[in-house]
Amino acid sequence: MHANDIRILYGYHFAANRKLWDVSVVPLTDEQFLQPLDYSIGSIRNQVVHLMDIEEGWFDGLRTNTPSRAAFKNPDDWATREKIRADWDSVETKIRAYLDDLTDEECNQPFGADPDALRKWQIMLHVLNHATDHRAQTLAMLHSLAAPTFAQDMIYHFWGIL
Amino acid sequence: MLAPTMLLTMFQYNHDINNHLINKAAEVTPQQWDQPQEADQRSLHETLFHILAVEEEWLAFCQTTQPPTWGWRPFADYPDLTSLSALNDQIFTTYSPYLAALTEEQLLTRRSGVFPSGREESVVVWHILVHMHYHSAQHRAEVASILTRYGHSPWFIDFYGFGDWGET
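Heads up: the sequence lines are chains A and B, in that order. Using this note's numbering, read the first sequence as starting at 1 and increasing by one per residue. Using this note's numbering, read the second sequence as starting at 1001 and increasing by one per residue.
Keep in mind that the hints were calculated from the coordinates and are not lab data. Note that CB positions come from ideal geometry on N, CA and C, so glycine has one too.
Here are the simulated distance ranges between beta carbons:
1) B:Pro-1030 / A:Asp-104: 44 to 54 Å
2) A:Asp-60 / B:Thr-1005: 19 to 29 Å
3) A:Asp-104 / B:Pro-1116: 36 to 46 Å
4) A:Asn-65 / B:Ser-1083: 44 to 54 Å
Kindly generate the complete structure, drawing on both the sequences and the hints.
Here is the structure:
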């Protein structure tokens, strides 16, 4: 499998996450950021904590080759955007380090001890798909709050205009 | 260049999860089917059509080099779930052999053209195919949200857990 292609796709992933934060999350009032929303996992705060949590959980598993993971983190543990940003930066740094060392061979290894388990590339594509889903949910919620949004299309990343 | 196996797995997932959402949409009322969504967002009907119409134009761009116009398929020709389900199957049937036969060299070739926005762009084939997948994922999230609001949640639409992952 092609580790460099996974790195290219994660280049988009990090850019889209960053744009979501800079364009749409930063301008929100605290009230908007924490406003309960009646779909999926709730507030915009909950959405971004969930994005960070899922990325960290799957990549911690990939790094140690252990599929089991802890329960979802409680978003109430992130009282401020500053703390979320700092922790999310840390998660991104760890993922980038893992991807920097990723080889084609490792992409195709089973995730865990079971030789019939999903391959690691499948997990990494899942994380990308999951993030696209939750960014889409978040962008729709932001639109309803009259907050600034953007088109997260991957093609715009390839064109250099995301 | 993303491996052909990965792209085929994504394409199979794409078709199956589209079908899942189309089937779930059968549970809404005729009024809900075409009801405009808040803040000027597309209706359930329009969003499902948009997913499929855009998929087809990106795939055709890869295969025939004809740039998208985002208008090949008239929306009026797809008034119901039956017609959308048929279109989803048609896209899958038409382009599966094309994708299955793509070589790594072909996936690295480029497609160029002027887009409806006026932009002239050149794009690598595998980038187009992956973009198409995530464009659909974006709009499937909207479909899932609309269905849930109407009391018909499709539950998980994740790539993880998707039935047959294909060969690795």
